[in-house]
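Student: Sequence:
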Amino acid sequence: MSAPSEAIVARFRSVALSRIDRLEAGWNALVAHGGNAALAAEITRELHTLKGDSRLVGFVDVNLLCHKLEDLLELAHERNYHVPDDVDLVVGMGLRFLATLVRKKPGTSMGGIDLHGFVAQIEGVLVDARQAALTSTATTTTAEPSTPPETRTPGEDIRYRVSAGACAVYLESIQAKGPAKDRLRAAWNILSHEIAAMGSVPLSAVFAHAAEGVTELAKSLGKSVRIESDVGRLRVRETTAEALGVALTHAVRNAIDHGIESPDDRIRAGKSATGTVRVRATLDSGRLIVIIEDDGAGIDFDAVYERAHQRGLVADRATTTEESLAAFLFEPGFSTAKAISDISGRGIGLDALKTALVRAGGTVTLRSQRGQGTTFQIAASEEERSMRVRLFRSAPCGLPFAVNMRWEVSPAPDTDGALDPFTALGLAVTPMTTTPTAHNVNRKPSAFVLRDGTHEVRLLAFDAPTEAVAERPCPTSTGYPVEIVDLAGTDVVLMRPDMLSVPWVSQ
Numbered sequence: 001m002s003a004p005s006e007a008i009v010a011r012f013r014s015v016a017l018s019r020i021d022r023l024e025a026g027w028n029a030l031v032a033h034g035g036n037a038a039l040a041a042e043i044t045r046e047l048h049t050l051k052g053d054s055r056l057v058g059f060v061d062v063n064l065l066c067h068k069l070e071d072l073l074e075l076a077h078e079r080n081y082h083v084p085d086d087v088d089l090v091v092g093m094g095l096r097f098l099a100t101l102v103r104k105k106p107g108t109s110m111g112g113i114d115l116h117g118f119v120a121q122i123e124g125v126l127v128d129a130r131q132a133a134l135t136s137t138a139t140t141t142t143a144e145p146s147t148p149p150e151t152r153t154p155g156e157d158i159r160y161r162v163s164a165g166a167c168a169v170y171l172e173s174i175q176a177k178g179p180a181k182d183r184l185r186a187a188w189n190i191l192s193h194e195i196a197a198m199g200s201v202p203l204s205a206v207f208a209h210a211a212e213g214v215t216e217l218a219k220s221l222g223k224s225v226r227i228e229s230d231v232g233r234l235r236v237r238e239t240t241a242e243a244l245g246v247a248l249t250h251a252v253r254n255a256i257d258h259g260i261e262s263p264d265d266r267i268r269a270g271k272s273a274t275g276t277v278r279v280r281a282t283l284d285s286g287r288l289i290v291i292i293e294d295d296g297a298g299i300d301f302d303a304v305y306e307r308a309h310q311r312g313l314v315a316d317r318a319t320t321t322e323e324s325l326a327a328f329l330f331e332p333g334f335s336t337a338k339a340i341s342d343i344s345g346r347g348i349g350l351d352a353l354k355t356a357l358v359r360a361g362g363t364v365t366l367r368s369q370r371g372q373g374t375t376f377q378i379a380a381s382e383e384e385r386s387m388r389v390r391l392f393r394s395a396p397c398g399l400p401f402a403v404n405m406r407w408e409v410s411p412a413p414d415t416d417g418a419l420d421p422f423t424a425l426g427l428a429v430t431p432m433t434t435t436p437t438a439h440n441v442n443r444k445p446s447a448f449v450l451r452d453g454t455h456e457v458r459l460l461a462f463d464a465p466t467e468a469v470a471e472r473p474c475p476t477s478t479g480y481p482v483e484i485v486d487l488a489g490t491d492v493v494l495m496r497p498d499m500l501s502v503p504w505v506s507q
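Each residue of the sequence shown is one higher than the last, beginning at 1 in the working numbering.
Since the hints were made in silico from the structure, they are not lab data. All clues stand as given, with none of them false.
With a cut-off of at most 27 Å between alpha-carbon atoms, the simulated BS3-like pairs for lysine-lysine come out as follows:
#1 Lys68 / Lys104
#2 Lys105 / Lys68
#3 Lys104 / Lys219
#4 Lys219 / Lys271
#5 Lys105 / Lys219
#6 Lys68 / Lys219
Could you put together the complete structure from these sequences and hints?
Tutor: As structure tokens, then:
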């Protein structure tokens, strides 16, 4: 197999260093404050995903060190993260060592750092800590699971913030005059173009990253595997791409490690010696469906039942469905493997897959037929790149503005308490600075009641609204009062009527 492309390696380095930062912060928090079930599970998934990614791109030293650090995390978890100083020290050193290995360029020296000597040091610390645990009479309490803090994916957060900044530039341009108006509008055009370009990722690139190194992985397991994909020219938002990258990596690795048989076994089963893993994707009405299927041995649900029964999770085999057994495979720490290897056996991979998807608002289901193969189906909501809107012309300034179609609109009996949305945003806009967009304009302002669930807002406008389809080049979060949308080549302010009191400059 050829070496991974420079772009793949560069992306691996960037993502890996971010993971290591999160690992270090999470480890320090756990040691300082005691076990937190959610945080502990999170750093375990991060480390396992880093281990898998590193193997796929050929960073074997990173893979080895991750495997040993997993042993240390397992030890720390057993002790509720009340660990001796030497364990804390070696984990910290290991994470910094990982960062060094990730940054290291091929063919360069590590300045006298002895990886295998450090691995031996980890093994010594593990032996000492376990012996100390055997002789200790101290008891360790288990922390109750706590609700993890609400988080936003970094890519989503960055794009929303940049889009909000671009919107602020556009709003400033509305009230500016002369050369300043031209400069602000030019800045908006540049920003909106760049944001639209950065907002999505080709799904083929996500798959290519997940598929890197699978041939090498298969060879190391004595297997022959062919990877096929049919994802077309689909593009997904960055938040979805990040989750899919994790999910595809673990799903493909799982198929090769647990699904595809050895060439001899496949031939005896009447199959070709080379196994196949197929990935295909479709996008329909904002719903992305990704299918990962293999033609391997399928899941041994009897083995899954036995492990679940040993853990007290099920009782009678006859009344336990394969669907319920499949769900156990996504639980943290659940594995049917008889031994832990540097590839699998810790019961983390499918847990990491599911967690990544859930965080991005996605789901995963699994079905399998013994001797025929296994299929993962991933579903995720994709950010709509267009939306149906109601188009108004503001009174008294005459500027067009839009609201989402979900807002029901009805005429108000009078204009009492009705707001001009531009005035509500604090914009000093000169009346009638633009050409009216509606025909048969009635110069007398009207008031309209907009309702969305429990929210009710009165807005001033000329004439009843029309319906249109708007493109979203610079989507902002639902907590931001406006978004600039594109209606047939014209920039229009999309108002969020329930958020008009939220400052738009400081977002």
